[in-house]
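Asker: Chain A is fixed; fit chain B onto it per the hints.
Protein chains: 2
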Amino acid sequence: MESDDQLALLTDLYQLTMAQAYFQNARMEPATFSLFIRAYPPNRGYFVSAGLKDVVEFLEGFSFDSISLDYLHSLGLFADDFLDFLKNLRFSGEVWALPEGRLFFKDEPVIEVTAPIVEAQIVETFIINQINLQSLIATKASRCIHAAPGRAVVDFSLRRTHGIDAGMKVARSSYLAGFAGTSNVRAGLRYGIPVVGTMAHSFVSSHESEIDAFRSFVKSFPNNSILLIDTYDTIAGARNAVQVGQEMAARGQRLQGVRIDSGDLADLARRVRKIFDAADMKDVKIVGSGGLDEFDLAEFSAAHVPYDSYGVGTKMGVSADAPWFDIAYKLVEYDGRPVLKLSTGKVSWPGKKQVYRLRDGEGRLTSDCVTRREENIPGAEPLLKKVMAQGKTAAPPPSLEESRKLFQEEFSRLPEAVKSIRDPAPYKVEFSAALKKLREQVARQAGGAA
Amino acid sequence: MESDDQLALLTDLYQLTMAQAYFQNARMEPATFSLFIRAYPPNRGYFVSAGLKDVVEFLEGFSFDSISLDYLHSLGLFADDFLDFLKNLRFSGEVWALPEGRLFFKDEPVIEVTAPIVEAQIVETFIINQINLQSLIATKASRCIHAAPGRAVVDFSLRRTHGIDAGMKVARSSYLAGFAGTSNVRAGLRYGIPVVGTMAHSFVSSHESEIDAFRSFVKSFPNNSILLIDTYDTIAGARNAVQVGQEMAARGQRLQGVRIDSGDLADLARRVRKIFDAADMKDVKIVGSGGLDEFDLAEFSAAHVPYDSYGVGTKMGVSADAPWFDIAYKLVEYDGRPVLKLSTGKVSWPGKKQVYRLRDGEGRLTSDCVTRREENIPGAEPLLKKVMAQGKTAAPPPSLEESRKLFQEEFSRLPEAVKSIRDPAPYKVEFSAALKKLREQVARQAGGAA
Chain A
12 MESDDQLALL TDLYQLTMAQ AYFQNARMEP ATFSLFIRAY PPNRGYFVSA
62 GLKDVVEFLE GFSFDSISLD YLHSLGLFAD DFLDFLKNLR FSGEVWALPE
112 GRLFFKDEPV IEVTAPIVEA QIVETFIINQ INLQSLIATK ASRCIHAAPG
162 RAVVDFSLRR THGIDAGMKV ARSSYLAGFA GTSNVRAGLR YGIPVVGTMA
212 HSFVSSHESE IDAFRSFVKS FPNNSILLID TYDTIAGARN AVQVGQEMAA
262 RGQRLQGVRI DSGDLADLAR RVRKIFDAAD MKDVKIVGSG GLDEFDLAEF
312 SAAHVPYDSY GVGTKMGVSA DAPWFDIAYK LVEYDGRPVL KLSTGKVSWP
362 GKKQVYRLRD GEGRLTSDCV TRREENIPGA EPLLKKVMAQ GKTAAPPPSL
412 EESRKLFQEE FSRLPEAVKS IRDPAPYKVE FSAALKKLRE QVARQAGGAA
Chain B
12 MESDDQLALL TDLYQLTMAQ AYFQNARMEP ATFSLFIRAY PPNRGYFVSA
62 GLKDVVEFLE GFSFDSISLD YLHSLGLFAD DFLDFLKNLR FSGEVWALPE
112 GRLFFKDEPV IEVTAPIVEA QIVETFIINQ INLQSLIATK ASRCIHAAPG
162 RAVVDFSLRR THGIDAGMKV ARSSYLAGFA GTSNVRAGLR YGIPVVGTMA
212 HSFVSSHESE IDAFRSFVKS FPNNSILLID TYDTIAGARN AVQVGQEMAA
262 RGQRLQGVRI DSGDLADLAR RVRKIFDAAD MKDVKIVGSG GLDEFDLAEF
312 SAAHVPYDSY GVGTKMGVSA DAPWFDIAYK LVEYDGRPVL KLSTGKVSWP
362 GKKQVYRLRD GEGRLTSDCV TRREENIPGA EPLLKKVMAQ GKTAAPPPSL
412 EESRKLFQEE FSRLPEAVKS IRDPAPYKVE FSAALKKLRE QVARQAGGAA
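Those sequence lines, one after another, are chains A and B.
Per the numbering used here, residue 12 is the first one in the first sequence, and the count goes up by one each step.
Per the numbering used here, residue 12 is the first one in the second sequence, and the count goes up by one each step.
Treat each hint with caution, since some may be false.
One copy or two, either will do: identical chains are not told apart, so a pair holds if it fits within one copy or between any two.
Unchecked claim - Here are the simulated lysine to any residue pairs, SDA-like style, with alpha carbons at most 25 Å apart:
{"hint": "1", "residue 1": "K230", "residue 2": "P41"}
{"hint": "2", "residue 1": "K430", "residue 2": "L369"}
{"hint": "3", "residue 1": "K416", "residue 2": "E451"}
{"hint": "4", "residue 1": "K230", "residue 2": "S85"}
{"hint": "5", "residue 1": "K363", "residue 2": "D118"}
{"hint": "6", "residue 1": "K230", "residue 2": "N36"}
Source of the hints: derived by calculation from the structure; they are not laboratory data.
Looking at chain A on its own, in the form it has when it is part of the complex (with noise of 0.2 Å):
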């Protein structure tokens, strides 16, 4: 179905062919790419990191098996002694980059790769489908959660997410961003995160009635379950659950809450509340869902609708109005030489960089500022971390919950304005006066203009 074999094909066809054409060409001088976002789709004024640890899990694996070698072999396009240089080809280069959970903003570099032309070049295609896709989503969720203060928020989204890995990562992504969990049980496994689930409508209606499904559920679930109540009508649902509620009281045991699916959720969630109110039952809980994302929530949070916590799916994982970001891999420089694309609309900055962040007197975050590699903003935090050297992890990195809580710390100190889920204020980003110079020098030589 989706194996790991053959991962290094994971690229596109011209990777191959111009590393074909450096080798035979001798170009195998190191070469420093830079990864980075162009542009804030609509009612986005920041990102959030994610992707990083299988970046680095795919480059210090990176290698072409045979069955690789034969079927590129098949194509009719390689020479003999390309195949054999790439049957040896490992990645051996170094890496800095920005650690998961971090916020970034747009044009500033992300990940630098610096390797033989070659093997920087043949991964771009992996790097930015895997950053593209975590930081997307990282986003996204972060939106959700901003949009929802004290509530918990969890993602229910594998049934839409594109494919296999997406909803893995889609998990993961936006755990790391402050959701509470999530529906897909694999995920669960692999990642550690917390996995939660309620019913769904089948079992309802595979049931006589309601009740009945409702007893049949609380029966093998006496200490955790929480009904479905939107299947046949959403009022008659809540006084069913009051009354499995009372019986499961009756044996010592407790209903732990409710969920609404469809209808109109806030009016829903207002009428509902009240039912079991008036039973005395106030503390079971109100779980919305349905074609939820953070516009509703931030509708429902500013009204007070009484949700006591979300199932946020499709419009979170598949990011679903802003499903892409404008990502590019650039190089920047090429055997020591700083270079530049000069195409319409599409300028790069040139050569080796950091990204110094600078904060106010209570941590608050004021503004960053891009630099060459090698310039050091005394008090500012620089913050691309080499992660890798020579092709090895150049350090242990964190784990999912660390990343968790320094994006939790991070965003708390991102003035509000930048956070809004609509029309966001920017975010200061300013570029080092070195740097202007070397872009300057560097679209000289080229003979366009910056």
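Answerer: This is chain B only, laid out in the frame that chain A set:
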């Protein structure tokens, strides 16, 4: 990274909690679930079926391994006898489905699974996940093909697809719907799809000058070079390509084409075409790429912009204007009793069903009719085939090439107005009198209104 292990856990936790409740309440009768799409996204009037092959493979191989069972045990939710039951659980059911590459319409069943309710329920998440993604992309890709008649369209999306599995399935689904190839090398190996590629901006910018880069590349690929001409200035790039093409001609070689990836793509194609025509290089092809989708392609087709082929990436690979379907997998029968969900706005059709396709005298599609499974419409084609019986494949699936041909044949017979990429006309889907009567009966019994 992304192995096949523990694939049975790729489900929502509630599938397993419901399974335990069914098991402990001895509710193990056969259930039928029906998969369908509830609504068209904007500008869609049909869907293309894809993903069935993966669903059948998943069902055939379905089982919980010891790592999965140990993990489930660790959650403290599941009883030992239920975990023993899961250990021996295999999929033993029957599956009726629409073959890959066929067209379908909203509210029509695409897959109907009949199996003991636990089996049919646990596999829901995976089935929706794969059919949603693959049909989403096949549908989007078919729109690109329709918008660019007479032009080859290839998949350049791997770097922006949502993860690894999506990258593979997008390559396959777009090929199924008529794409000419993919840049994804691993998909080429796995699915036998033609792989295609040109060169990247980094290849040009890593050289001291653009013409050096072009010369270096054609040295390695004298017979199939497509030069990327927009790294600095597209018109100057075209002139450099002419010069290199003339040098190649003098050596008895031939420049295959050039690619334009940024700027005013329509204007640049016309100017570049003139440059090559004036140099008597009429057979040099022009490839267009850079953020294209079916709307751009339709505009270029209408204006006769002289592109010979297109590389379509991100917007196809994530179905950017409609990144998910309102797709559902609903219980329609349990223990021989047809059932219905009545939640607001989410009414389903009860019972096992069949879909019949009607054509006119010239073979053009005129309408579909959804019926109860056992009905027959003389002269009309029944679309759902029995693809699995007793948990095993009932007939060898068609090859990808066969499905691709099937799609092309059928798509050519779908009325133009339904294929329109903007505001398509609705296609007529009727529901048989017997099916309507059944729904009324079930709704009455459930005490609601259909």
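Asker: Work down the list of hints and note, for each, if the structure agrees.
Answerer: Here is how each hint holds up against the structure:
1. K230 - P41: So K230 and P41 pass the 25 Å test across copies only (22 Å; inside, 65 Å).
2. K430 - L369: within (17 Å within a copy, 54 Å between copies)
3. K416 - E451: neither (40 Å within a copy, 54 Å between copies)
4. K230 - S85: between (60 Å within a copy, 21 Å between copies)
5. K363 - D118: Within one copy, since 14 Å is at most 25 Å while 54 Å is not.
6. K230 - N36: So K230 and N36 pass the 25 Å test across copies only (8 Å; inside, 72 Å).
Comparing the model with each earlier hint shows a violation of hint 3 alone; every other hint is respected.
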